[in-house]
Amino acid sequence: MTFNRIAVALLMTGLATQAIAQDLSREQLLFFETKIRPVLVRECYGCHSNKAGNVRGGLRLDTRELTHIGGRTGPAVVSGNLEESWLYNAITHQDFVMPPKRKLPQSVINDFRKWIEMGAPDPRQTDVAEIRSSISKEDVERARESFWAYKKPTRPQSPAVDDAAWPRTDIDRFILAKLEQAELQPASDAEAYKVPRRLCFDLIGLPPTPEQVNYFTKQWKTDPDHAIEFVVDRLLKKKQFGERWGRHWLDVVRYAESTGHEYNYTYPHAWRYRDYVIDSFNADKPFNRFVQEQLAGDLLPVKTDEQWAENLTATTFLAIGPKNVNELNRALFEADLIDEQIDATTRVFLGQSVACARCHDHKFDAIPQTDYYALAGVFQNATTYFSNPPSEFGQFSGLQARRSSSLIILPIDDPSPYDTRYSSKELNDLKRQAAEKTQELNRLPRTGVMGSNEGRDILRQRIRLTDEMSRLSAKLSVVGEDGKPRSYTMGVQEQGSPMNAQLLERGEIDQPGQTVKRGFPQVLCSTPVKIKERSSGRLELARFIGSDDNPLTARVMVNRIWQHMIGHGIVRSTEDFGVTGQFPSHPELLDYLAVQFVESGWSVKSLVKEIAMSRVYRMNSTFNQDDHQYDSDNALIWRANPRRLDAEAIRDAMLSVSGQLEYERPRGSEVAKAGYTRVQGGSLVNARVMAQNATGQARGGGRMRFNGQAGGRSQFGDGNRPVQRQGQGGFQSRFQGRQSFADQSTDQSRANQLDMEDAKFRSVYLPVVRDEEPRSLAVFDFADSNAIVGTRESSHTADQSLYMLNNRFVIGQSAALAQRITNESSNTREQIERAFVLTYGRPPTSGEWSAALTFVHDFGGTISTASRQQETLQALCQSLFASAEFRYVD
Amino acid sequence: MTMFSRRQILQSTGAGFGYVAFAGMSTAKAAQEKSSTNPLAPKSPHFEPRAKRVIFLCMQGGPSHVDTFDYKPQLTKDHDKRGKYGGSLLKSPWEFRQRGDSGLWISDLFPNVADHADDMTLIRSMQCDQPVHPNAMTQMHTGTAQFIRPSLGAWTLYGLGTENDSLPGFVSLSPPSGRSGNYGSAFLPAIYGGAKIGRGGRTARLARGGSGESVPDIKNPTLSKSQQRTQVDFIQALNREKLRRDKVQPGVEGVIESYELAFRMQDAMPELMDTSKESAKTLAMYGADGGPTENFGKQCLLARRFAEAGVRFIEVTHGNWDQHFNLSTDHATRAEECDKPIAGLLEDLKQRDMLKDTLVIWGGEFGRTPDAQGGDGRNHNNKGYTTWMAGGGVKGGFSYGATDEHGYESVENKCHIHDWHATILHLLGLDHEQLTYRYAGRDFRLTDVHGNVAKEIIA
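These protein sequences, in sequence, are chains A and B.
Last residue of the first sequence: 890 in the UniProt record's numbering, with the numbers rising by one and none dropped.
Last residue of the second sequence: 459 in the UniProt record's numbering, with the numbers rising by one and none dropped.
Same shape as in the complex, but just chain A:
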């Protein structure tokens, strides 16, 4: 049964409370031993104990701890809380019927009621083993003092170089010094036209226009430094900068708009965090501040509601990880949630994998298991809000979402255009239906559920009604009493008074060990950080990570920035600055950049500019046999790395060149439009809802407006209005067309919904549903949103070729580009030249000229009608998109 009647978010597992030794009074002990234990032994142990070797429903009642951990539905007993104690639910034959054959006498039930109300005193304590770490204090200290990454970076001296004329900046001196040591020469400067292409793709993820290239080339001849500075300053001011660099960040923080796993439920409010990230990069928000907001935005002091809303949204970082919401075991779900938060926090900000120490001491780094649980204590005092708020009818999550939570209401109203708004009639209609369903649910007999045919029928009805209730409740919960939308965000909030976590032997939730005082991994703290008794420590953690003194935060971030500009990190393992990670190729340069970064007030834009202004950045990518032989990985940077564009840049470049790109940011996302729902078969809309709705429409207009359909609302921006196509119309066009789609909808069209082939906005705004990423992104190595990805792969596959040859989006963009060119000129040679200039940023070489002319001759044939010419030009444009040159920055 997944229907959770309690309208609260996550509750603590009780793991922490177990640590408090229970001093039972004589009366309590007597009560338990005479009234409770005999009943448990006689009635329950047969099916629910370790000793009997039988654990139906994952529930064991052998010990106090196991009873509190409970089984697949939740804790069997929550001290003082009848409502949440499934044991009480079962013996009173509510959702469960236990014992299965007959009801316990009322007097016994009353005893259990009394027992739970008095706090469920229970002497059956498990002996707690003290887990000793194999990593000693001395080991930790030695690591802290000797391992490079744990030492605070200091500004290194700029090295002396022989060729003093070459360097423009300190960066150049660090690179050149190493090259000279190895007796290698830095490559010469790149051709002028290549530089703006690099700058534009690196800074804003879009190609330069031919006019920009021309202007740059002229400037470059007189003053290359000035030419670059001019372009960089302009690009840094564009809002496309945040869209480019925000996406890099979204890769690292495993941004997605759904839970992932087999039962994949949407996060309809995740997009707020996406926009927050983009805006933060555009505002050049100090990176240390950015860090603190994401870890503890809910705890930072604020002056305005706007700032508060922004800070709350930032904590979405802790809530968007992948989750197995179908997890049977509540305690395990909570432990996994905290584990995921620890893993994300330490790897994203510090390049350390502390989560390795969940089950045992870290095998390589000096992180004992106790340090993991010290950090777990910090996180376990936060409630994570990730799914769907309750309505007045209660919390109904999806049928398979056994684990769910509410959301955080923003202090200021900021509705997305897709937030539902109901008229009072619609609202009443919904409420009436919900009330009906609730009554129906209540009318269902509670007994006889197990076994019989009748029982199975009742169960089926119950499942159906619960499913319908979850959908109705999800609609009602997102609007206020007036039918107007409420603005929600995902995120975290502190709860109650902070408690320490208990170490779990081998990471197993039923093997608790000693309690560990809240704290941070010692190896990262040169001076121990104090956590106040009344503070969870999360704010302290945020300040500790976002501190000028942290040895890792700045290094990890500057390394990523370097990677995105140069092609590989100074530390290649961008998320692993531990012992198993790689040693920096240029340790002094890394420290120099880190110090510069902190001293600039943690300004990402300043660092981007500094790298862009270096001589290193403008080197040619020319291959050199001898240098390659010596340094095939280009670790010393003897040339620029030829780089394949990432998926977003390839798609956005096609849109930009074809003239179709919509620069306006669409608010919300396809997922926000769909609302809270389970993703199935690549579709955001439940098949049954679609069928129901079709029937409703056939009866003369839908009775209610479902989140999942456009229902007359405007689409993203203006240009995303779905094109009505013959035959294979997209999913949305069906809605717009108001056709009955129950009989038309096919798996194929539903599967394509998330690909959004008709969208013309930037790729960063495409929906990111876990395991269902849009094809245009997935095909070119989009970051797996189930993982923390600092470095994307860059593959070359036949699938990519099929995409470029046959995909509808690519063909559409080729047609648009051909049209654009035809509008400018009707002369074939001019058209060809223009196509090259637009796609490659330069005119064709002589080899390319002859290939293009051959193509036009062979493809166009002897017939020269206007339409044939247009087709030929379109095929030529598509070929340019499809060619290797288009997807490379050299």
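Simulated from the structure, these hints should not be mistaken for lab results.
Be aware that one or more of the hints could be misleading.
What the hints assert, rightly or not - Straight-line Cα separation of at most 25 angstroms, DSS-like style, residue types lysine-lysine; simulated pairs:
#: 1; chain 1: A; residue 1: Lys363; chain 2: B; residue 2: Lys383
#: 2; chain 1: A; residue 1: Lys194; chain 2: A; residue 2: Lys151
#: 3; chain 1: A; residue 1: Lys194; chain 2: B; residue 2: Lys247
The structure displayed is predicted, hence computed values, not measured ones.
Take the given structure of chain A and dock chain B to it, following the hints.
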């Protein structure tokens, strides 16, 4: 035999053109040159091979050896006693029986596979170094979890080429998303990487579609075949221009190779994926006609069709074996989903006389602990577990190696993942010490500096 380095390929084809520079030509000379330079052309192995191709049934999540193929009577006897690393020992909820003439002990989780016991070699002494899923999975595929290295399939393709140049030589059906390194080529030329068919999240759809439409963008909506050939020739001319300018650019070579393959795949793939002409009897044999076996049955059937079409290495993934909880119900469900399909595959290969030179491999990234986790679950166990092989020159009805009395650790004829790799390559006629690729000034091999062939399992 000749192993081509990228450099050699480039030198032998002149000014740095990839081999496919010739693919568009139709002259006999071009065809000749193509056969000598096509990196996917069939190559002679180092010695007489026992297997020509591999079907790897990858059981993601770690199926429990002590509940499937590693019979441990002592574990049953010691049920509830303390295990050697703590926790209570948990007897298998399933009966083990002796199967076939050979009398191999196999549990009731795999009743249909057990019917083929006399064709199987159980390797009951597997070991790997990684106790967590992603790392162990990567080590199983590439030999190391620490570095990015070519996968077993990529090495196989590099060593042997493939027999159908209209299909990828290495395919991975429905691999888990985001783990492309497990079928990647790493520093080997891109053409040796595995082609992903269907993705983890979309497995069900792959199984549902009866035709090639389940391969996205496999058909151009408007262009004729000859028009598209003209277009591809132009794209390749542009790519070769770039390669000429760049001199050495593995990425661009990868692009060139991928276009030729993609062009040919447009015809070959829909035909291959279209199982509508398979008889009802065949579909039933794989359990591909409905029920819980439909999905994996369909994939096993596709695996056979790929094998028949000449694809060198086919991997099929069956996930969610990670039963820390609910072992008794969920392991049963997982096994039910794949037992009949696998038995059907073995049967079908045998009927078609393909089992003799098709090496079928079954295994997960590790096994599970003999002691209980949460009463009805088991934890990861990488120090001792079982994989099996059938066909392709391995002994039938044979058991190799052993774990200790409860199944914790391999104690006899230990088969580390490096040994397993060496053995697989050996069956394919490749010497794991000779199959090297020079990269960044060093000769790399799948087994690094390890690996012993388990000669005893060879028939």
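Each hint, compared with the structure:
1. Lys363/A / Lys383/B: Satisfied, since the Cα-Cα distance of roughly 16 angstroms is no more than 25 angstroms.
2. Lys194/A / Lys151/A: violated, 39 angstroms
3. Lys194/A / Lys247/B: holds, 18 angstroms
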